[in-house]
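All chains, full assembly: derive it from the sequences and hints.
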Amino acid sequence: MAKKEFKAESKKLMDLMINSIYTNKDIFLRELISNASDAIDKLHYRSLTDKSVKVKKQDFEIFISIDKEARTLTIRDNGCGMTKDELEKNLGTIAKSGSLSFKEEMDPKKNVDIIGQFGVGFYSAFMVSDKIEVKSKAYGSDEAYSWISSGVDGYEIKPCEKDGYGTEIILTIKENTEDVSFDDYLSDYDIQSLIKKYSNYITYPIKMEVEHRHLKEGTENEYETHKEIEVINDMIPLWKRDKNKITEEEYNTFYSDKFFDYEKPLKVIHTNAEGVVSFNSLLYIPSHASYDYYTKQFEKGLQLYSNGVLIMEKCGDLLPDYFSFVKGVVDSPDLSLNISREILQQDKNLKVIAKNIETKIKKELTTMMTEEKENYAKFWESFGMQIKFGIYDSYGMNKDKLVDLLIFPTSKDKDYISLEEYVNQMPEDQTSIYYACGETLDKIDLLPQVERVKEKGYKILYCTEYVDEFALKTLDSYQDKKFVNVSKEDLNLDTEEEKKALEKMNEENKDLFTLMKEEIKDINEVRFTNRLKTHPVCLATVGDISIEMEKALNAMPVDQKVSAQKVLEINSNHKIAKKLQELYKKDKEALKDYTKILYAEARMIEGLPIENPTELASLICEKLSE
26 MAKKEFKAES KKLMDLMINS IYTNKDIFLR ELISNASDAI DKLHYRSLTD
76 KSVKVKKQDF EIFISIDKEA RTLTIRDNGC GMTKDELEKN LGTIAKSGSL
126 SFKEEMDPKK NVDIIGQFGV GFYSAFMVSD KIEVKSKAYG SDEAYSWISS
176 GVDGYEIKPC EKDGYGTEII LTIKENTEDV SFDDYLSDYD IQSLIKKYSN
226 YITYPIKMEV EHRHLKEGTE NEYETHKEIE VINDMIPLWK RDKNKITEEE
276 YNTFYSDKFF DYEKPLKVIH TNAEGVVSFN SLLYIPSHAS YDYYTKQFEK
326 GLQLYSNGVL IMEKCGDLLP DYFSFVKGVV DSPDLSLNIS REILQQDKNL
376 KVIAKNIETK IKKELTTMMT EEKENYAKFW ESFGMQIKFG IYDSYGMNKD
426 KLVDLLIFPT SKDKDYISLE EYVNQMPEDQ TSIYYACGET LDKIDLLPQV
476 ERVKEKGYKI LYCTEYVDEF ALKTLDSYQD KKFVNVSKED LNLDTEEEKK
526 ALEKMNEENK DLFTLMKEEI KDINEVRFTN RLKTHPVCLA TVGDISIEME
576 KALNAMPVDQ KVSAQKVLEI NSNHKIAKKL QELYKKDKEA LKDYTKILYA
626 EARMIEGLPI ENPTELASLI CEKLSE
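If you read the sequence shown in this note's numbering, its first letter stands for residue 26, the second for the next number, and so on.
If you are wondering where the hints come from, they were derived from the structure by calculation, not from laboratory data. Hints are not guaranteed to be accurate.
In silico DSS-like pairs for lysine-lysine, Cα to Cα no more than 27 Å straight-line [as the list claims (entries may be wrong)]: (1) 542 / 524; (2) 156 / 265; (3) 546 / 603; (4) 603 / 529; (5) 611 / 648; (6) 93 / 156; (7) 79 / 232; (8) 468 / 388; (9) 292 / 380; (10) 252 / 270; (11) 513 / 576; (12) 199 / 232; (13) 621 / 604; (14) 426 / 546; (15) 437 / 558.
Below, the structure written as structure tokens:
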């Protein structure tokens, strides 16, 4: 029989399909198993609507076998099979989907899952095969036909012998090349791995003859082998089961096996959503960050399935960056199996699912924060930085979504507190939300600037991560309360009398400050302050950039450096204030030395580098010996 040419400009289409639609050769097995599942679905549906169709669901199966010598991989099903015309129609025309046609023709009230959509999946087998033979016998027919093709050159259909109804696809696997080991597709282990990865939740048993090797009884080093037919796939995914009948151990075991994390997750979010877009999802909030989570190598995303068939190992479009720590799976019948990453990004159904998932995660985190504070604190220590970065990122576009998830340790007991709790606990006379930044809680607690605020009975949010202040600056305020850094130049904590007295004192000593400022040129101003209680000196800042922001920005690998506008503040009630006034009158050279020492002290308190530590050491020794 002469070969027939493919329709629909087959050469161009097949080349496009193999090189563009499918970038992963392993996909071919998923496609062929999905086609087999579709064929069984069709016959099962007919058995429910036509009493003449005598088949039992428990007899359905997909069988895979390997012949290494002949270099063949065979996928066999006992589904509906195809007539000669159907072979011609379904396999002779690329992009003709028998599954899609069946779905359009059947009763819309019947809930039958059909995986195939575009009819191009079958041809992905040419990525690994030199030749494909399809033997098929339609249910109820006495005739079987064979469809044979070696690729773009065309195909032929001829009668053949076949036991039983259904379809058998025989792939002649390509020889190895320098770049690709096609022998992998003739390996029992590798084929089983592909089934587990892509088709583990096909609802019919996928069987293989598996070879077992064990030590021969009565010997020490002699082995014997035997073969057994085994079901490779799990069939019913955990996420499609009734959540009320799933134990915590089952959830945790699935998480451990699927995501290779041997610590229990903090939270499980199991969703069965029905509506315009239906989907099942099983999401996990881990108890800790993975080793690569805060690196460029980390790739976010959920495993995406269509009717139990894996579409994508990590679908990043399902998670916003600020929830990128979530692991899990999403399965929807409303997503096409044969779809590229680029098309998926434009899929409206996917966007609806992603929005729903984001809402679920936010709700669960909010519940955890209010009802499981210990767990939430553990979560926050691992992933709080990501939430804060989400507030700061994209010019604060998502700040309203995330602000109520924020928690900070405070000056009172260093326990975590939410912004809502902070505001609810504020004294009546407090008008701002105060925060302080530093490397650790203990170092922040020792900052001179926190003394006066704590003395007033106001709590201070302690910020130990570089992104903290950027997030608070992005928020600007919470419930009409402004965020104020305790190192800001004007905290407005003084009474009117105290303000006037300090203003007068600074005015009287402006010449002293002018001389001191000439000695340390990288500050904006020197002045006396009431903000300090026991400490002699501190640094305050003017403008939007604080000292901690300066350190964070300058740590980035950029050439341009930034500098906060610094103010050297001296405790007006400390004896050092009188000492400086005396030196201005009697020994201006000594005043310059004291200025250098005081400024170096203020920089060290803030964790800033000292430009000339040798000079500073000499000055301190000189003053100590006087």
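How the hints compare with the structure:
At most 27 Å may separate the alpha-carbon atoms for a hinted pair to count; residue 542 and residue 524 meet this at roughly 23 Å. Only pairs whose Cα atoms come within 27 Å are accepted, and residue 156 paired with residue 265 is rejected, the gap being roughly 38 Å. At most 27 Å may separate the alpha-carbon atoms for a hinted pair to count; residue 546 and residue 603 meet this at roughly 23 Å. This hinted pair checks out: residue 603 and residue 529 have alpha carbons roughly 15 Å apart, not beyond 27 Å.
For the hint pairing residue 611 with residue 648, the CA-to-CA distance comes to about 16 Å; that is within 27 Å, so the pair holds. As the CA atoms of residue 93 and residue 156 are separated by approximately 15 Å, the hinted pair is consistent with the 27 Å bound. With a CA separation close to 23 Å, the supplied pair residue 79 and residue 232 stays within the 27 Å bound. Under the criterion of a C-alpha separation no larger than 27 Å, the hint pairing residue 468 with residue 388 is inconsistent with the structure, at around 35 Å.
Among the hinted pairs, residue 292 with residue 380 is consistent with the structure: their alpha-carbon atoms are about 19 Å apart, no more than 27 Å. For the given pair, residue 252 sits about 35 Å from residue 270 by alpha-carbon distance, which is inconsistent with the 27 Å threshold. About 16 Å separates the Cα atoms of residue 513 and residue 576, which keeps this hinted pair within 27 Å; it holds. Proposed proximity of residue 199 and residue 232 is supported: the alpha carbons are some 24 Å apart, at most 27 Å.
Note on residue 621 and residue 604: the hinted pairing holds, with a Cα-Cα distance of about 14 Å set against a maximum of 27 Å. Note on residue 426 and residue 546: the hinted pairing is violated, with a Cα-Cα distance of about 44 Å set against a maximum of 27 Å. The hinted pair formed by residue 437 and residue 558 meets the criterion: a straight-line CA distance of about 18 Å does not exceed 27 Å.
In the structure shown, a violation is registered for the earlier hints numbered 2, 8, 10, 14, in ascending order.
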